[in-house]
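Starting from the given sequences, assemble the full structure and let the hints guide the process.
Number of protein chains: 2
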Amino acid sequence: MAKKTNMILLSGGSGKRLWPLSNGVRSKQFLKVLKSNDGSYESMVQRIVRQISESTIDASITVATGISQIDSISNQLGNKVEVVAEPERRDTFPAIALATAHLFLNKKCDRDETIVVMPIDPYTELGYFKTISEMVEAVENDEASLVLMGIKPTEPSTKFGYIIPENKGEHKSRVSRFTEKPSEEVAKELLDNGALWNGGVFAFKLGYMLDIISKYMPLDSFEKIKSNYDKFPKISFDYEVVEKSNSIAVISFSGKWKDLGTWNSLLEEIPENTIGNVILDEKTSGTKAINELSIPVICLGLKDSVVVASADGIFIGDKESSVNLKSYAESVDARPMCEERRWGNYRVLSYDEYEDGVKSLSKILTFNNGGSVSYQTHNFRDEVWTVVDGKGKLVLEDKISEIRRGDVIKIKAGEKHSVKGVENLQILEVQIGKELSEYDIQRYDFSWE
Amino acid sequence: MAKKTNMILLSGGSGKRLWPLSNGVRSKQFLKVLKSNDGSYESMVQRIVRQISESTIDASITVATGISQIDSISNQLGNKVEVVAEPERRDTFPAIALATAHLFLNKKCDRDETIVVMPIDPYTELGYFKTISEMVEAVENDEASLVLMGIKPTEPSTKFGYIIPENKGEHKSRVSRFTEKPSEEVAKELLDNGALWNGGVFAFKLGYMLDIISKYMPLDSFEKIKSNYDKFPKISFDYEVVEKSNSIAVISFSGKWKDLGTWNSLLEEIPENTIGNVILDEKTSGTKAINELSIPVICLGLKDSVVVASADGIFIGDKESSVNLKSYAESVDARPMCEERRWGNYRVLSYDEYEDGVKSLSKILTFNNGGSVSYQTHNFRDEVWTVVDGKGKLVLEDKISEIRRGDVIKIKAGEKHSVKGVENLQILEVQIGKELSEYDIQRYDFSWE
Numbered sequence: 001m002a003k004k005t006n007m008i009l010l011s012g013g014s015g016k017r018l019w020p021l022s023n024g025v026r027s028k029q030f031l032k033v034l035k036s037n038d039g040s041y042e043s044m045v046q047r048i049v050r051q052i053s054e055s056t057i058d059a060s061i062t063v064a065t066g067i068s069q070i071d072s073i074s075n076q077l078g079n080k081v082e083v084v085a086e087p088e089r090r091d092t093f094p095a096i097a098l099a100t101a102h103l104f105l106n107k108k109c110d111r112d113e114t115i116v117v118m119p120i121d122p123y124t125e126l127g128y129f130k131t132i133s134e135m136v137e138a139v140e141n142d143e144a145s146l147v148l149m150g151i152k153p154t155e156p157s158t159k160f161g162y163i164i165p166e167n168k169g170e171h172k173s174r175v176s177r178f179t180e181k182p183s184e185e186v187a188k189e190l191l192d193n194g195a196l197w198n199g200g201v202f203a204f205k206l207g208y209m210l211d212i213i214s215k216y217m218p219l220d221s222f223e224k225i226k227s228n229y230d231k232f233p234k235i236s237f238d239y240e241v242v243e244k245s246n247s248i249a250v251i252s253f254s255g256k257w258k259d260l261g262t263w264n265s266l267l268e269e270i271p272e273n274t275i276g277n278v279i280l281d282e283k284t285s286g287t288k289a290i291n292e293l294s295i296p297v298i299c300l301g302l303k304d305s306v307v308v309a310s311a312d313g314i315f316i317g318d319k320e321s322s323v324n325l326k327s328y329a330e331s332v333d334a335r336p337m338c339e340e341r342r343w344g345n346y347r348v349l350s351y352d353e354y355e356d357g358v359k360s361l362s363k364i365l366t367f368n369n370g371g372s373v374s375y376q377t378h379n380f381r382d383e384v385w386t387v388v389d390g391k392g393k394l395v396l397e398d399k400i401s402e403i404r405r406g407d408v409i410k411i412k413a414g415e416k417h418s419v420k421g422v423e424n425l426q427i428l429e430v431q432i433g434k435e436l437s438e439y440d441i442q443r444y445d446f447s448w449e
Numbered sequence: 001m002a003k004k005t006n007m008i009l010l011s012g013g014s015g016k017r018l019w020p021l022s023n024g025v026r027s028k029q030f031l032k033v034l035k036s037n038d039g040s041y042e043s044m045v046q047r048i049v050r051q052i053s054e055s056t057i058d059a060s061i062t063v064a065t066g067i068s069q070i071d072s073i074s075n076q077l078g079n080k081v082e083v084v085a086e087p088e089r090r091d092t093f094p095a096i097a098l099a100t101a102h103l104f105l106n107k108k109c110d111r112d113e114t115i116v117v118m119p120i121d122p123y124t125e126l127g128y129f130k131t132i133s134e135m136v137e138a139v140e141n142d143e144a145s146l147v148l149m150g151i152k153p154t155e156p157s158t159k160f161g162y163i164i165p166e167n168k169g170e171h172k173s174r175v176s177r178f179t180e181k182p183s184e185e186v187a188k189e190l191l192d193n194g195a196l197w198n199g200g201v202f203a204f205k206l207g208y209m210l211d212i213i214s215k216y217m218p219l220d221s222f223e224k225i226k227s228n229y230d231k232f233p234k235i236s237f238d239y240e241v242v243e244k245s246n247s248i249a250v251i252s253f254s255g256k257w258k259d260l261g262t263w264n265s266l267l268e269e270i271p272e273n274t275i276g277n278v279i280l281d282e283k284t285s286g287t288k289a290i291n292e293l294s295i296p297v298i299c300l301g302l303k304d305s306v307v308v309a310s311a312d313g314i315f316i317g318d319k320e321s322s323v324n325l326k327s328y329a330e331s332v333d334a335r336p337m338c339e340e341r342r343w344g345n346y347r348v349l350s351y352d353e354y355e356d357g358v359k360s361l362s363k364i365l366t367f368n369n370g371g372s373v374s375y376q377t378h379n380f381r382d383e384v385w386t387v388v389d390g391k392g393k394l395v396l397e398d399k400i401s402e403i404r405r406g407d408v409i410k411i412k413a414g415e416k417h418s419v420k421g422v423e424n425l426q427i428l429e430v431q432i433g434k435e436l437s438e439y440d441i442q443r444y445d446f447s448w449e
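Protein chains in written order, with this note's numbering: chain A, 1 to 449; chain B, 1 to 449.
Simulated from the structure, these hints should not be mistaken for lab results. Note that this is a predicted model, so its numbers are computed, not measured. Just to be clear, a hint being listed does not mean it is correct.
Any copy will do: because identical chains look the same in the list, a pair fits if it lies in one copy or spans two.
To be verified - Derived pair list, reagent style DSSO-like, types lysine-lysine, alpha-carbon separation capped at 30 Å: (1) LYS359 x LYS32; (2) LYS410 x LYS359; (3) LYS410 x LYS399; (4) LYS283 x LYS181; (5) LYS412 x LYS399; (6) LYS205 x LYS326.
Spelled out as structure tokens, the structure:
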């Protein structure tokens, strides 16, 4: 039986290449659009964690991410993973360093234990994890300080960095050199020389990374490292660790491996032509439509197109153009209209600005049973809550009460309040004020027990 | 100076060929998508009434329509027109008969006065109204009992009925015969014989129509005719009046005349490529997009397409396919999500059904200053109103009070209530109940004075 492997999964930033399903707070890896074995929908992160559990790796998983993703990860992965959140976004080296320090200082892992670092969102198959097992074995056998996965290229892509092995065509080899994203011409030459894509999967012993971290700060307290996080250089793991190492091996993987980062690539992996309330006529072809809204979408005579509607917006594009979506979506300067939170989720229903500068915003809040928002006040807005379903508990100015469907609660600016879901709690919230911002919040200690 | 002309404008049913802007209650003729002279948007009915006022016709306008359109007509045309609403939808002969009876019995028009009947929504130009003046003159000079407008065809259309004049090519002629919508082959022959499209414009003396009506019921009381409205046959004016007449003339009109009944034809007349919050990339061509939602629409690489988003749904089609929209839109069985009313308008924000069968619905109600809903109760739902803007008056269980932004009103099932807009009143309404239907309403007498 294999030993326990510490896996660090890097969960990257938001990005808007899959807008309007991904938005400023909802990253693509959390979209539940992939079919799992039992026919239900799962997200990229759920798929990866499921695949790890189905592999022969006895993994202990730590997700390295930013603060903004903690709620989504906890909602989607629960206690299957630990989360180490960067206090601020820097780059992959600091993120991996912090997660490594957590393993050493909090989890008391041994310097001799093997660490595997990988992205949280490749779309791949079980053979990928078999390759990881081989990488772990190579590290354990001290074949190299650092072992990388090399993805067998399917085309002379200009989107990836390349690993050039010493022994062309061998399954396992020492690494001769690396190149950054090449031109297409150079990529074709690289392919002729047996070069492999750098898929961002690294295996090494904990102690190897600890030695590098200790060049920047002492490894005595995790909290201290976290509070000095801004002292780490903004540099990638590739530059700081990989390119400086003189003992690197690569093991090649030639199975399915994709970045589902554009609508075109993602929709290829979705078997259905439609998800949600969508009608396609029989003249429509090569087209997929996803509708998260409750209102219907009717598509007539579309060819090779993508249609996606969510509370944040509507995207319609021919498949080819969908790769250019990012910059257009980034030009849209709107608040996120739906968001997953630790306590449940919310969806914005309306936003209005009035002649006198006052604004109103309405939201549906859906609480997980047992989920509660922090005890809080707002300076610039009143809120009116109408309980539309279920039961919950309210604390308003230190007074606790039970709430249920039909109850209406008025919360004036400055009044302390919190609410906890007990059973299917759903609240329609109306905010009214001169400034309606997620930043207008002061939090207070409160215990429901 | 011309004498006063009584014009009856027929405002037809709902239809969904312009879904999702038109819905079960919002007919295409009320969509404000046409540019008026001053650059603001006007609807087809507003355009027609404006054009009549700009013509030399001294018109007194009566709109013949169904009950469901009274509020839209009054909101868009105000006191520029009178409205005669059929108690139930039958066909064009009964509708015109009722409006004629109104002119005779309520407006005390003389049997000798001229009546012009026309559709409320042709997209045309001032020459059209000049032709109408000529028709009126022909009636006044007793050149024929019935004078029709013949539209000079631009193609062998199979969508229209044809008028075959006795004297091919003459501007004014006796009518030889009519044909129903022909095959394309027959249409080509008709064109060779100088046939004209029947545009549904008729001029005659009031007495002429009164004689026909009196075959069905006595012309003694408008209210009695209205309450016996179901005794009129369900038959078109063409069948009951035109085809039975033996003194018919036609005057031809050869200017711009279109039915803006499909997205393809309507969008040709809209100069802008986008209306509302829409981004089109530079690869998009031949495409127009209308977005009534507040969330953005991004279109990339679309060719010859139509994109329309409203609170009722989203339509995306290539222009050619948009003519087939009607049947698809009719298959969508959803309540209207926005509606113009006499007192203002509403927009549905959310609708949810819960496990125990209870439902919730939220709406934004925007009141015209002075506009008020009827004094009413609901049997099956409670309502919570949050005033989000402006000022109004509330009557709840016979008690009148003033309401303003921030006020919250709870209305239990069975409680009598009404509200009146005073200044920019906007209310967010949450309905909760086992049955949420526009029909769950009992109305009571109440006077705000």
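Going through the hints against the structure:
In this assembly of identical chains, the alpha carbons of LYS359 and LYS32 lie at most 30 Å apart only when taken from different copies (26 Å versus 33 Å within one copy). For the homomeric pair LYS410 and LYS359, the shortest alpha-carbon distances inside one copy (17 Å) and between copies (22 Å) are both at most 30 Å. With identical chains, the CA atoms of LYS410 and LYS399 are at most 30 Å apart both within one copy (14 Å) and between copies (22 Å). For a Cα distance limit of 30 Å, the shortest separation of LYS283 from LYS181 across copies, 27 Å, qualifies, whereas the shortest one inside one copy, 40 Å, does not.
For a Cα distance limit of 30 Å, the shortest separation of LYS412 from LYS399 qualifies both inside one copy, at 15 Å, and across copies, at 26 Å. For the homomeric pair LYS205 and LYS326, neither the shortest alpha-carbon distance inside one copy (38 Å) nor that between copies (66 Å) is at most 30 Å.
Of the hints listed earlier, the one the structure fails to meet is number 6.
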